[in-house]
Amino acid sequence: MIEFHDKSIIELYVNGDLKTVAARPADTLLFILRESLGLTGTKNSCGNGDCNSCTVLLDGWPVKSCLMLAVEAVGHEITTIEGLQDVPMQKAFVEKSAIQCGYCTPGMIINSHALTTIYPDASDEIIEEWLESNICRCTGYKEICEAVKSVINM
Amino acid sequence: MITFDFDYYRPDTIEEAINVYKKITGQEKKAIYYAGGTEIVSMSRVNQLSFDSVIDIKAIPECNVIETKDDKLIIGSAVCLTRICDFGGYPLLGAVCRRIAEHTARDMITLGGNILGKIQYKEAILPLLLTDSKVTVAGTAGKSEKPIDRIFNEKPLLNAGELLVNIIIDKKYINNPYSHSKKTKQEKIDYPLVTIASVKNDDEIRIGFSGLCVYPFRLDIIFGNIDNTNPESEINNILNRVPAPIVNDILGSAEYREFVTRNLLIDLFNYYGGMN
Chain A
114 MIEFHDKSII ELYVNGDLKT VAARPADTLL FILRESLGLT GTKNSCGNGD
164 CNSCTVLLDG WPVKSCLMLA VEAVGHEITT IEGLQDVPMQ KAFVEKSAIQ
214 CGYCTPGMII NSHALTTIYP DASDEIIEEW LESNICRCTG YKEICEAVKS
264 VINM
Chain B
84 MITFDFDYYR PDTIEEAINV YKKITGQEKK AIYYAGGTEI VSMSRVNQLS
134 FDSVIDIKAI PECNVIETKD DKLIIGSAVC LTRICDFGGY PLLGAVCRRI
184 AEHTARDMIT LGGNILGKIQ YKEAILPLLL TDSKVTVAGT AGKSEKPIDR
234 IFNEKPLLNA GELLVNIIID KKYINNPYSH SKKTKQEKID YPLVTIASVK
284 NDDEIRIGFS GLCVYPFRLD IIFGNIDNTN PESEINNILN RVPAPIVNDI
334 LGSAEYREFV TRNLLIDLFN YYGGMN
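From first to last, the protein sequence lines stand for chains A and B. Take 114 as the starting number for the first sequence in the working numbering and just add one per residue. Take 84 as the starting number for the second sequence in the working numbering and just add one per residue.
Extracted from the complex, chain B is given alone in its bound form (with noise of 0.2 Å):
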């Protein structure tokens, strides 16, 4: 049970959202935007989370987009994992996907919640990062096309009020080359210790990370400089490269997870090897 009381608003229209967050947050009340709803419930139920109203976004209808456009894959940030899955516009989108939580779970989690949301393994934008995916947000100066990593870079980078509509995937990396592998600590539903998601481009692979660090990120190889005589060396190169120190937690040391990345590491550079 939710102790505390709040407002719920389901608007047909961003405007209409847009407008009835300005309208509460001018109040000096506390709005946040609801799709799923799972994190927000859950958190709610034990008092990490409170605000004054919800917005759900689930009616409106450009959150709630999934179809291919000339060379462009878009996807309303409320819609659920399922029905990436199910599309399969983006196979490795749908693979990730595939592997957060367990189904039901995925028809209530929507995109642009586990992007924005306050889990900090967020697997989901892995292969958006990956492909240099832009977003739709919109605010009270309208709306705007933007590249992922302005609205997520280490953290949410959305200002108070903005609304994230949908993700826009270039069409051109969809059908690459990829590979997708979460280990966990024991069961195969869980957060990560380590997620690993790769797309090859040409010579490069673009690798992005979670669990690893406290936030999702992605760094990008030149496959053919390396060195398939010593991948030690090349691994320690990567890791070198992770922008912040390695998650200690109950569900593995640092030490494990670098152990489970070196591996996973290895499997991507025989996987990508023997296709060439």
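Looking at chain A on its own, in the form it has when it is part of the complex (with noise of 0.2 Å):
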């Protein structure tokens, strides 16, 4: 069995690397990657699990970084944006325009990747159904699913 009491050392596999971070049990993955491992591609936003800008991948499936304990990702393989290196998916978004203010980019990017490594042949309602997670208050998603379609059309 696993436990942490207080403040203690846990180990995150994150991008690939295992990185060693003084945590409590209490503090949300979000919190983690961001100000004790310096992962600010990770956006904070609403903290509450509504908007998805700090989606990060779990074992490859998306999951919010919000509303999961660090210490819950303990034994697991995390991928934030940073670890994602030149993946089809961020030149679709920058091809497609699919960025305006670009805070939610992350997020986008995060989970569109992971939709198209899950399902390369998602239709358009899997599409939808995903990046209905993702809120997006400039682009109005078109070119964002643009993107999306075009990595699985590729």
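Wrong hints could be hidden among the right ones.
With a straight-line Cα cutoff of 20 Å, these simulated DMTMM-like cross-link-like pairs (lysine to aspartate or glutamate) come out [to be verified]:
1) K141/B to D172/A
2) K271/B to E241/A
3) K268/B to D163/A
Stretch-level coverage of chain A by chain B, calculated; a stretch enters the list once three of its residues show a Cβ under 8 Å from a Cβ in chain B [as the list claims (entries may be wrong)]:
4) 115-129
5) 134-148
6) 151-162
7) 167-181
8) 234-247
Quick caveat, the hints were computed from the structure, so don't treat them as lab data. No residue lacks a Cβ here, since even glycine has one placed at the ideal position from N, Cα and C.
Put the two chains together into one complex, using the hints given.
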């Protein structure tokens, strides 16, 4: 049984590297990624699981890092936006101008990358279902959908 | 940020979970079982919930199973809603789960958490109530199988320290005709004004409601007894059997919820009538 009490040293497997960090069991994964590991690409916005700016991948699946305890992620593989190195989705977002203010973009790209990895032939219905999670108030989603579809059609 | 401190345990077995719960509460401290964490973290963040320890059950194999075995579909309490949708073993449950929250939230929200959490809607319980599902509960005396209404009836009924291990659905219901409709105030992703799920079993239609009252419930009707010439009267009969006051809140007034429910019931009668 894994257990943590008070502030203790935990090991997190982030973007392919094992990171050692001090964390309280009450610390969210978002807080530790940003404030302890300096991975500020993962955005802090609502802090309440509503907007998904803080989306990271846990064993390849998108999760809200603001609603996950850092200690929960021990033993799992975490991927943040910094861990995506020139994946097709990043290029597609640039080519399709799927970015305006950019605050939601890391969460959007992480989620979209997971979508096209898990469902390489995703239908429009599945794309819509996945993208409903991430709130963007600039682009209107059209360009974001085009970016996702351009990766699917590669 | 959660401002108070607590201890974190991740047991590998049911026995470890039960024992650590007993140990913590024996020290007059409060422990809670933890699975998806979405509700616990968001409520803790605003100090609506407090505890001394969380016991994360996601590493317990029995709580993570989703499989068909003989004539049963077994779903662990820590299985997330996305996995249930993708597994596809029970179409009505998949349809209901697919309208709870949004996709990334469903990667985290678990079946057990949705049923036993603080949220009043508990939409995932509807298909389980409609199929007389059973649950496996573990406690200090070991594991036992119970009807689902022994762990939820208006409110969660588990005793302190008892752990919901899994839900067992009889496959004889799984392919029955079913319907599901969720109406929200405005946005597609929201809590329900009213969610109705139903299953037709021979001449009986079992209807589950969420959002109409402060807890989900089931009502059964005999389809053959319905007077098609007077649906208004039939709907009044159903609404007269609603077991608690209709919710009246910022999402919708009681009058509006009743109006929406009436329309959903007309749709439901037409749907099953059309099938006949």
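Taking the hints in turn, this is what the structure says about them:
For a cut-off of 20 Å, the pair hint linking K141/B to D172/A stands: about 14 Å separates their Cα positions. As the CA atoms of K271/B and E241/A are separated by approximately 12 Å, the hinted pair is consistent with the 20 Å bound. Of the pairs offered as hints, the one joining K268/B and D163/A holds, with about 17 Å between alpha carbons and a cut-off of 20 Å not exceeded. Only residues whose C-beta sits within less than 8 Å of a C-beta in chain B count toward coverage, and the stretch 115-129 of chain A has 5 of them, enough to reach three; the restraint holds.
Only residues whose C-beta sits within less than 8 Å of a C-beta in chain B count toward coverage, and the stretch 134-148 of chain A has 6 of them, enough to reach three; the restraint holds. A count of 3 residues in the stretch 151-162 of chain A with a Cβ less than 8 Å from any Cβ of chain B is obtained; the coverage claim is therefore met, three being the minimum. Counting residues of the stretch 167-181 of chain A whose beta carbon lies closer than 8 Å to any beta carbon of chain B gives 8, which reaches the threshold of three, so the coverage claim holds. Closer than 8 Å: that is the beta-carbon criterion, and the stretch 234-247 of chain A has 5 residues meeting it against chain B, so the requirement of 3 holds.
In the structure shown, no violation is registered for any of the earlier numbered hints.
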